[in-house]
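Number of protein chains: 2
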Amino acid sequence: MAKDMTLLWGSGSPPCWRVMITLEEKNLKGYNQKLLSFEKMEHKSEEVMKMNPRGQLPAFKHGDKVLNESYAACLYLENQFKSQGNKLVPDCPAELAMMYQRMFEGLSLNQKMADVIYYNWKVPEGERHDSAVKRNRESLTAELKLWEGYLQKTSGGFLAGKTFSLADVCVYPSICYVFRFGLCEERYPKLASYYNSLKDRPSIKASYPPTWLENPQGQDVLKDI
Amino acid sequence: MAKDMTLLWGSGSPPCWRVMITLEEKNLKGYNQKLLSFEKMEHKSEEVMKMNPRGQLPAFKHGDKVLNESYAACLYLENQFKSQGNKLVPDCPAELAMMYQRMFEGLSLNQKMADVIYYNWKVPEGERHDSAVKRNRESLTAELKLWEGYLQKTSGGFLAGKTFSLADVCVYPSICYVFRFGLCEERYPKLASYYNSLKDRPSIKASYPPTWLENPQGQDVLKDI
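Which chain is which? The protein sequence lines are A and B, in order. Residue numbering for the first sequence follows this note's numbering, beginning at 1 and increasing consecutively. Residue numbering for the second sequence follows this note's numbering, beginning at 1 and increasing consecutively.
Fair warning: there could be bad hints in the mix.
[What the hints assert, rightly or not] Cut-off 30 Å, straight-line C-alpha distance, at most; resulting in silico cross-link-like pairs (DSS-like, lysine-lysine): (1) LYS162(B) <-> LYS205(B); (2) LYS44(B) <-> LYS145(A); (3) LYS61(A) <-> LYS145(B); (4) LYS162(A) <-> LYS50(B); (5) LYS61(B) <-> LYS82(A); (6) LYS82(B) <-> LYS61(A); (7) LYS145(B) <-> LYS50(A); (8) LYS145(B) <-> LYS40(A); (9) LYS40(A) <-> LYS134(B); (10) LYS153(A) <-> LYS65(B); (11) LYS190(A) <-> LYS44(B); (12) LYS82(A) <-> LYS82(B).
Calculated directly from the structure, the hints in this document are not laboratory data.
Just chain A, same shape as in the assembly (with noise of 0.2 Å):
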């Protein structure tokens, strides 16, 4: 049991969803957890800024430790709890590297996915330009065809090779949302049928974003990407 782990977390959040994919994975169980929303500001509360005073989510504690940043959270959790749960870093050197590379580009396509379908809420009404809009959809589109290629070379079915990693632990929630924001599955077939061969992992369905589960119905912003 993982009591002595408390995690503050927002649905649908990419990263607040990694540290759960992870925490699923290595089988640590019963949490102290609190879903807070995105829309009250509740990522700006006290009882958050308490605990990461970035006012982000996720906010994780294991003890006294701090793992705010979903990444540092998830290399932790594995490097911790190593023999316990899934293994989700490979021993292959090859697959080991793939791992860390697409993990870290993950980091681009979230950047790029997050500055399309969040454009009018992070940039004041004054500031926008449609020419602004259409460069950022470019280069979303530039990188999703990265990833579908990358997974069109892929053997194993998951991103560094035959086993589910960290790669897919930090890349997979980003999949699912330009899912959930409308991308077109025929568009991209090598990245829908990564996104559907991993919706019912384990890990994954424990950890589906609740809000998303309520209402299935997503958005159409990413459909002409």
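Starting from the known structure of chain A, fit chain B onto it as the hints suggest.
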């Protein structure tokens, strides 16, 4: 001898510098390397694109294993050469957690620094706004204050405690960068002391940006931050 490694890099780039510091720390000498010029757009050359389709530096290979993302390369090299050179990942769980946390917070520092320094380069003329410049500068100021506070609290002189770790490898180049671009040492005394204390570390000296050595006078974009 690291004859099976190849690094294409640019002078001053924090991502390139991270990989070079790690190679030095792990005592990986004699790798194939080529200094390219961002100004001449050599990061978009065919030579780079073949290794890194993103057209970014560093482009790094170990044998046929590609590790173009700097964090990926650093984590991979530490993992594969654990007992060679200096150990960059602490055993103590508290220091390990701190190392991962600071490493990944370093990405925010780097982003916010780039948003200010490269604003005119990244944002097309017709899309520039004084309000955005002001917001970016405030955001960088808040970020730097966080780091000044972190360094006030560390006892060991390094970001994760008593030993030089991957947190320092990943964040130190950004700290050098902000001072190179005019940050006031008096206003950020802890950051300045950290900056100065590591300047003569062999791995950092050996990999110091050659263009900065040739032209010791930096810029003053950040002098009022």
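Results of checking the hints against the structure:
no.: 1; hint: LYS162(B) <-> LYS205(B); verdict: 21 Å, holds
no.: 2; hint: LYS44(B) <-> LYS145(A); verdict: 18 Å, holds
no.: 3; hint: LYS61(A) <-> LYS145(B); verdict: 23 Å, holds
no.: 4; hint: LYS162(A) <-> LYS50(B); verdict: 25 Å, holds
no.: 5; hint: LYS61(B) <-> LYS82(A); verdict: 27 Å, holds
no.: 6; hint: LYS82(B) <-> LYS61(A); verdict: 27 Å, holds
no.: 7; hint: LYS145(B) <-> LYS50(A); verdict: 17 Å, holds
no.: 8; hint: LYS145(B) <-> LYS40(A); verdict: 27 Å, holds
no.: 9; hint: LYS40(A) <-> LYS134(B); verdict: 27 Å, holds
no.: 10; hint: LYS153(A) <-> LYS65(B); verdict: 15 Å, holds
no.: 11; hint: LYS190(A) <-> LYS44(B); verdict: 27 Å, holds
no.: 12; hint: LYS82(A) <-> LYS82(B); verdict: 17 Å, holds
When held up to the earlier numbered hints, the structure conflicts with none and fits them all.
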